[in-house]
Structures are given as structure tokens and as C-alpha cells.
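Take the given structure of chain G and dock chain R to it, following the hints.
Number of protein chains: 2
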Amino acid sequence: MSTSPDNLFCPEQNFYGPDSEKIYIDGSLHPVKVGMRRIKLSKTYTLHGTDFSSFPLYDTSGPYSDPSVTIDLHKGLPSTRDFWQKNRTDIEVCPGKNPSPMNNRTPVRAKQGKSVTQMHYARKGIITPEMEYVAIRENQQLEEWIERFSSNGSSVKPVTPEFVRDEIAKGRAIIPANINHPELEPMAIGRNFRVKINANIGNSALASSISEEVEKSVWACRWGADTVMDLSTGKNIHQTREWILRNSPVPIGTVPIYQALEKVGGKAEELNWNIYRDTLIEQAEQGVDYFTIHSGILLDFLPAAQRRTTGIVSRGGSIIAKWCRAHKQENFLYSHFDDICDILRSYDIAISIGDALRPGSIADANDEAQFSELKTLGELTLKAWKYDVQVMIEGPGHVPLNLVEENMRKQLEYCHEAPFYTLGPLVTDIAAGYDHVNSAIGGTLLASLGCAMLCYVTPKEHLGLPDKNDVREGVIVHKLAAHAADIAKGSPSALLHDKLMSSARYSFAWNDQFNLSLDPVKTRQVHAESSQQNTGDGTDDHFCTMCGPDFCSMKKSQEVTGK
Amino acid sequence: MSTSPDNLFCPEQNFYGPDSEKIYIDGSLHPVKVGMRRIKLSKTYTLHGTDFSSFPLYDTSGPYSDPSVTIDLHKGLPSTRDFWQKNRTDIEVCPGKNPSPMNNRTPVRAKQGKSVTQMHYARKGIITPEMEYVAIRENQQLEEWIERFSSNGSSVKPVTPEFVRDEIAKGRAIIPANINHPELEPMAIGRNFRVKINANIGNSALASSISEEVEKSVWACRWGADTVMDLSTGKNIHQTREWILRNSPVPIGTVPIYQALEKVGGKAEELNWNIYRDTLIEQAEQGVDYFTIHSGILLDFLPAAQRRTTGIVSRGGSIIAKWCRAHKQENFLYSHFDDICDILRSYDIAISIGDALRPGSIADANDEAQFSELKTLGELTLKAWKYDVQVMIEGPGHVPLNLVEENMRKQLEYCHEAPFYTLGPLVTDIAAGYDHVNSAIGGTLLASLGCAMLCYVTPKEHLGLPDKNDVREGVIVHKLAAHAADIAKGSPSALLHDKLMSSARYSFAWNDQFNLSLDPVKTRQVHAESSQQNTGDGTDDHFCTMCGPDFCSMKKSQEVTGK
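Heads up: the protein sequence lines correspond to chains G and R, in order.
Straight run, no breaks: the first sequence in the numbering used here ends on number 998.
Straight run, no breaks: the second sequence in the numbering used here ends on number 998.
Treat the hints with caution; some may be incorrect.
Same chains, same names: a pair is fine if it fits in one copy or spans any two.
[Claimed, not checked] For lysine to any residue, the following SDA-like pairs were computed, each having C-alpha atoms within a straight-line distance of at most 20 Å:
(1) K818 / L733
(2) K818 / G462
(3) K990 / R760
(4) K810 / E720
(5) K903 / E964
(6) K903 / K957
(7) K990 / G701
(8) K810 / F767
(9) K957 / N904
(10) K605 / E848
(11) K845 / G813
(12) K990 / A798
(13) K990 / A761
(14) K903 / A963
(15) K757 / Y941
Just so you know, these hints were derived from the structure itself, not from any lab.
Isolated chain G (complex conformation):
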């Protein structure tokens, strides 16, 4: 097994094609520079009186899409956020720690008794650089367009830094941004922002190396993952995470119990609070931005889980359940929840409260076990908020389409509007090999109703560990779901994106279609292959091989309507 990512995927500068350029927008409150990718369009599209000759995309690829940045995966990305933080008086260097050999930076933490979370500042009325960054990022430079839209009766307005602050103060949104992850480009998870997606990576005991996982994490954010969870469970778990964090412009989440379990040789019953706490601190100092913690599964809920078709399908949940049964004691992640919050607030790590009892089959959806735990997640939310810890709530799982809405309604009700972060839901159990699609179906509906972030599912779900192609497929298909949910929620920028795409389609501007599509590499390639039998690369054709020139409806439609 390789322990160094020497053979890493080298980011091509031309990954997105020649019509994509990297731009940066300066903040006005803070010295932030918000990166976007701007697509140059081949012509000017006039929509409702506004001219568009380019379109700025919300961009998760960070420095990887900036040709002026030299990427050295052994050194990691530039530590942009350190500069914002440099005059802070509420943090200190962790005593007795050495700098990371990668970014030469010693971990920091809050001074004793201080809270350094975004929620802490938000509640004090302070707009942080992270909040301003998010506001600029969410607007995609489309403030004018959004204003015009909102004057036409839409309730959507451009995002202001003050709005971000308010949403975070209320607990309706989070910015996962560990103070030890200076490479991060802040982003918000909340239902009044763009719907986000997470990509899971991580080696298992059976397969894959560090370099493969770092490659997958870079790859995932290039395709559009808003956050990445490192679910590694094999050897080299610390080192893998270090490489991933130092090279990640997006928040990194983990499930710390996986590493804690490695420390006790895989024996769940040998876990204890001390080992778990040390693991939290180890990962906190590395810069993990959010932790999945299964604090909500209680002894009382186990009998209901036992009656199920598929029992407990959360890995973390099943570990805790095994510990609880062995010790006949309440979940130590529940009994030590205050201690956990105390650690999280010292680094600004968001908690993603795990749904250990999420349904793993249609038969188990919306059952007693699931909703009992969800109520407990709501109680824990209030407790975390007392510590100013940012919270999101994890959700199912497998849920038939007719029961999806109830999940959203109960989550909002029980969990006090904390952001919902779900896996799918998958709307049937029989779609192995195609579970990415299955998840996108349930995810689109749930996100359109208010779910803030979708965890991707890849075609390998239920069958094996995803490879790079699976990661790409999973990311794109869930970006599709997230975007479709934004459309359903009436997002003016999402609607504009679609309108530009359709205008390009109607005017046979093939390059614009490729660039505006979710996967420009694939669309360009598929169209070129289809056009090969014809002439050239097809980018000048006023038809495609699907219908051919005589049966192209758009061509005929233009002849009829004269436009």
C-alpha cells in the first residue's frame, strides 16, 4: 500500500475547457477573495432585457481550476484563511504540538472557556469573513438578476452577509470551518441557500491506498462536491486524513468512531470515552470541519430496531449499539454530549448528529426507531446550541417517495430547523448498481422541500467501494438533484442557468451547451462521438444525430416562428 500520493491525479489546467476562466470577487467587509468559474458564452443572450455574454458558476474546485496557482500536493493548498485570522485574540497555539510537516502550521484552539464558532459570532452580531465569503459565493455575481426577479413577486433576494449571520445565529444554517483548516473556502449548509452535496471517500480495510483517496477527494470537488467525508477505516487513517485536509478547499467531515474503533483493534466493546475524546482532539487539531457523532441512539430504542427488516444499517450506529449491549449502559456519546460540545466549540467543528437508526429498507421507513431517535437529535440540537456549536441533522436512508415529505416535516419540527443532511433517500431497495439514481430521485424531492445537503450515493452502493468513475457519477447525479431542487424552490440563479442552457440549445450553440452542462467533459465527448459519422466535431451543426437534419424540431420550429 502506498503511503504517499506521488502518483496523484495531476489537475489539468484545461480540465473545464478553454471557455472557463477563474475569477475572484473581493469582499467589502473583509479581505476575502471569492473564487468562481466564469463561462465565456459564444454569443450574447438577451433574457428579459439583460445581456449575458458570460455566466459565473458557483465553484467548488478551489485553486485546482486556477492556472496561476502551482499545485504541490505534498505541500497542500495555500492557507488563505490564516490571513483572515491573524489578528484574532481568542485563539492560541495548542501546547506541545509540532507544526504539520505539510503546511508548517501548528494547530490552534480557542483560549480556555472561549467559543470560536461561527454561531458564537453570529449571535453576538458579528459578521465574520466566512459569512461574507458565503454571501458573495451564493450570489454568483447575479445580484441584479436576482433583484429583478424578486421585484417580479419572488420572495428570493440576493444573499447579504447580514442574512448569512442571521441564519447562522438562528441555527438554520452552518458554515463548517475548523480554525485548523486554513485551506478551506467557506460554504453554507442551510435551506435558504443553494442545496449542497457531499461526496464520501475513504479506504476500507480491503481496498485502496492513501493516494487513491486523496485523488478521489480532489476529483470529487472538481466535479462539484460541496463537502467531502473521509470515511477511511483501514490503516494509515491519520496520514490519509492529513493529505486530504491539506489539499481540500471544501469542508472535510469524518466519523471519528471509525478511528476510535481502529485504536481498540476493531472491538466495539473495548471503546471508551477517553479513547473517543482523544480521537476527537486529534482530528480537531488536524482541521476536520464536521464530525458525524451518533449520540442519539439510546438503549430504549434498540428493541424497536430489533423488530426491523434490516436492523441498524449505520456503521457508527451498529458499533455503538454493540457497545451499549455489551456494557448494558447508555450510549457514551449521549452521556458525554456536553464534553463533546466543549471540544467542538474550541475549534469550530460542526456536529452532524448521526442517524444511527436510519431505515435501511423501505419496510423500515418512518418507523418508531427512526422517529424516536430523531426526537432525541432535536434535544441534542438544543444542547449543542447552548455551546454555540453549529449543528446539522443526518437523515435517511431508504424511504418510499410517498413518505419523504413526512421526514422533512418531522425533522423541521423536532430539530428546531437545524439543517437536514440526508443520504438519498433511496426510494426502492432493488436498485443495486443504479442506487445513485435511486438516491437522486428521493433526494431531489426532499431537497425541494427543505433538505439542505444531500450525501451522494454511487453506483457501487450496496455492492463495493467506489472508484474514481463512480465518484464522478455520484457527484454529477447529486448535483443534478440539488440543482433540480433549487429550480423547484424558485432560485433565480438556477432558473437563469437553465434558461441560458435552453437558449443555447435552441440556437444550436453547442459549445455553450457543453459549458453550461453539469459535465462539460462528457457532453463534449458524447456529442463529438455522435457527430463523427457526420462532418467535423458537430459544433457547427444545426441538428444532432438524435433526429438528423430533416427531423430536427428546433430547426423546424425556428423556420415556423422566424426566431
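Frame of chain G; chain R shown alone:
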């Protein structure tokens, strides 16, 4: 270009693996034999007191999955339905016609002034062999399970032949079954039956040969297409259709205006009723089971279409619009609608009334043009029903998720509960390369609300002509959508299928998981590849490479719950 399917995909007898066997269920009213595929399970699953050691699948593959049938694509499939029809007194041989060189059968039609449609018989209280066939088929031999389910408060009951008759009499369901398609295995399209899917095939002027298209049609029904539309527009259009029909156990639909347009050299303005009528009769005699006819687009609606982002995106619709503009006359498919119905009732061809003005972009969804036409489709439905012609209504297109429900509601209201047959809808415009997923998202929701059949979309949509892999991907993903909609509608057999799958998953019965999945070939292959690094083919493992043995939640869950 090859004109003979010599190089055809040869159906492997072992296509579905060794655990799939072909069975036939006899009718009690008629000499029908209903084919199904029964999956042998590796163990007996006891669910709610009932033992399952096998599971019968609704099967669209016809004789291709029966190892005892010799397939000769030059002769076509056995003419099973001819036997049912042999004593009929209401049909006659079409005068002056020769037998088809493939099945040695001369086309028949209704005697002068007679109607031979399923609706005609249904309204007279007659249960046809087709109706009984459908009833047996829909139940999947699960009558007892369904009864038990319905005694638990579900309104779903086993399908009886009388129920099928009643649904057809009311126009709520159709059985597309041209009397000249004796190779057909009847199936029903209606919202009180399983949700169905259609696969489009057909060469364009630019690409593909007859053999490729026949291969795709066989391939599509092997993967689960309930009907196939032959949208060929190139040369050899008659011969391609003959090969497809003679080898198709599923209903074949066409858009006759495509062939009519070929007859006038591709010039829409040179079309006329006589050419169109002759085309209808030519295809009727060949055995096409349903026609898409764009009778609902009227001159009055064109200005609204002109204001759109993407105008008219229906191929047939754009041809008619061009004709209307050129002649400054009303759509001849509207003015000759009675003549059309007179032909259709003579062969029992269902009409799929085309939505020429379906939205081709999110911006155009649910607009005036679309709903004006939908109202007209409702008027035409009533007119067709006067002739006892079976009707379904075609639907969008591109519709944001939040506007999907309105489509179903208005369709039911305007079109008097005639079955709805939709393309997607796609819930965003920017998913080129992944439009099969896009379509499955909108399609699942629409079908869960009552849409009876989903037309598949392949990954090539908007980019080029689908190849065999695209056909498979499109079919499976839309079967997923249809099944998920059945689950959402509370179908006891669909829920049982999922429950068996999840039970197999929880007990690590890998072969059962493969066989119960939508694509056994893919699941088996992916799992084997993932397990290669491990030992053997992984079918005996009590974990998979996704999590590895120490982190398998199901394994742990069993240890905890003791089951």
C-alpha cells in the same frame, strides 16, 4: 447499410442466470398462457407468516427468456394471439394483400362498419383473452399475498379480468393490441395497474441500420421495456418496422407522420391527408399497436408557442406547425380526426394523442401553449371514445419538480382519466449526458401521482442517437422510476419485491440480491469485481468491500439483535 438482421444479437438462454426459470400460467376463461420469469431463491424467506422460496417477476422478455423456444429472427416469434382469434366473425382478410414473407400471414381488419377494439368489447361487457392475460400478468401469482395485504387496510386487490374490462370500458386503461400483431403478449397501460415504461428506438437519416434497430428492440424488452416505439426516420422504414414487429412480444408504437414525411421527400408543406391516411393503413396492416398522432396542435396555439424559450420541441408537432403555416389551414390531423378513428377501430390501434406543444425547457413548463393543447387533447379523447378507440395522452417534457403535480391534476381533469404517457418530465435543462436520471426524477413523482407509462430517456438525450448501452441504461433507470412509483402507490407486489431484497441483503444472500435486482448482470459483475482482491467471487462473504468485515453494520446489527 445492412437490410437484414443477420448479425443480430443472439439471445443467450442464460441471460438472466441459472436461478431464473420461465413459467406459464393458464387462463381459466380463455386459452391464454401467461409467461413469467420465476426467480429461485437460495433460502426460504418467511414474511408475515408466508414462505417465499421463489419470486415470480412480471416479465416483458417474451419467448426470448424461454429456452424451449427456438428463436429465428427471420421468421419472427410464434403467432400466439392468432390462435385466440381464430373463430372471430368480425374480422376479414384485407383484400388484395399478400402474406408477410416473415410470418406467412395476411393482414386482417374489421368487417365494414365493425369495431374490433378492446374498448368496444369492454363496453359490451365482454372479457377478451387480452383482458384475462393482463389480469393474470399483473398479479404475478401473488394473489394470496395481495389479499392478505388488502385485509390489512390497503385498498389494493388482486386484478380480476372483470376489473380489467371495467377499466378499459371507462377509458382509464388501454391494451394496445393490433389484431395484426399476433406475436404480442398483451399488457395494460392505466394508473390502476403497474406503472409501465416505453423505450424509443429507430434509426435516423445519419446513423444505424435495420439490424441495429431490431437488436435494440429485442434488447429493450429483455431489460424490461413494456412497449417499444419505432421512431425510425431514415431509409428502409417499412422493412425495419416489419422486422421489429415480427420479433416483438411487446406493443410497438410509431409516429406515422415520420414515414409520411419521408414519402414527400422531407418537405412538410407537401404532406396531405391522402398520403397520411395511406401511411396509417400501411402501418395498421403491419401490426403497429399504437400511433402517436399530433391532432391537438391548432393554428390558434402557435402564437403562444412562438413566445417560448424553446418553441416547439416535438418532432411531429414541428412538422405539423410548418404545414399549418405554409397552408394557413387548420392541422389536417385535427380536421380528419373522425377518419383517423375510423381506421384505428378497424385494427384496434390505440391512439397516443401527441403533445406537440410539450415544454422543451423549464421556462416553458405549464404555459398557455401546453395547457391549451391539453384541453384539446381532452376533446379529442371524447371523440375517439365515440369510436371505441383506446386513447392515451402524451405529456411533457421539461417541468420543474414543483410544477409536476399540476400536470397530473390537469391531465386527469381535461382528459377524462385517459391514461397519461409522459417523457420524463425532466426537472432541469442542464443535465445533458445524464438526462436519463433527470427524467427518472420527474417521472417517479409523476407516476406516483397517477401517470401510467413513462417514456424512457437515455444518457444520449439532447446529444445523439442512443446505442445499445444507452438503451439498457435508459430502460433500467426508468424501470427503477416505475417501480419506485408502484412502491409509493402501495403496490403489495412491489413492496414484497423490496422486502425480499432487503431480507436477502440482511442475510448476505448475495445471489438472491443479484437476482432480485433490476439488473442482475450488472450487480453480479460489480460485486465480483469488487471481491476479486478478496477471496473467490464474494458470494459467500458476510460483508462487502464497501465497508469490509469489521465495519459491516448489518453484520454487527445481527450480532446485537441476535437475528
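Status of each hint after checking the structure:
1. In this assembly of identical chains, the alpha carbons of K818 and L733 lie at most 20 Å apart only when taken from the same copy (16 Å versus 63 Å across copies).
2. For a Cα distance limit of 20 Å, the shortest separation of K818 from G462 qualifies neither inside one copy, at 34 Å, nor across copies, at 65 Å.
3. Taking the shortest alpha-carbon separations for K990 and R760, only the inter-copy value of 15 Å comes in at or below 20 Å, while the best intra-copy value is 68 Å.
4. For a Cα distance limit of 20 Å, the shortest separation of K810 from E720 qualifies neither inside one copy, at 31 Å, nor across copies, at 64 Å.
5. When the C-alpha separation of K903 and E964 is checked against a cutoff of 20 Å, the pair qualifies only between copies, where the shortest distance is 15 Å, while the shortest distance within a copy is 22 Å.
6. When the C-alpha separation of K903 and K957 is checked against a cutoff of 20 Å, the pair qualifies both within a copy, at 15 Å, and between copies, at 18 Å.
7. For the identical chains of this complex, K990 and G701 are inter-copy neighbours only, at 13 Å across copies versus 63 Å inside a copy, given an alpha-carbon limit of 20 Å.
8. In the homo-oligomer, the alpha carbons of K810 and F767 lie at most 20 Å apart inside one protomer (18 Å), although the nearest pairing across protomers, at 63 Å, exceeds that limit.
9. In the homo-oligomer, the alpha carbons of K957 and N904 lie at most 20 Å apart both inside one protomer (12 Å) and across protomers (15 Å), since each shortest distance falls under that limit.
10. In the homo-oligomer, the alpha carbons of K605 and E848 lie at most 20 Å apart inside one protomer (14 Å), although the nearest pairing across protomers, at 44 Å, exceeds that limit.
11. Taking the shortest alpha-carbon separations for K845 and G813, only the intra-copy value of 10 Å comes in at or below 20 Å, while the best inter-copy value is 40 Å.
12. Only between protomers do K990 and A798 lie at most 20 Å apart by alpha-carbon distance; the minimum there is 19 Å, versus 49 Å within a single protomer.
13. Taking identical chains as interchangeable, the C-alpha atoms of K990 and A761 lie at most 20 Å apart only when they sit on different chains, with a minimum of 16 Å there against 70 Å within one chain.
14. Taking the shortest alpha-carbon separations for K903 and A963, only the inter-copy value of 18 Å comes in at or below 20 Å, while the best intra-copy value is 23 Å.
15. With identical chains, the CA atoms of K757 and Y941 are at most 20 Å apart between copies only, with a shortest distance of 17 Å across copies and 59 Å within one.
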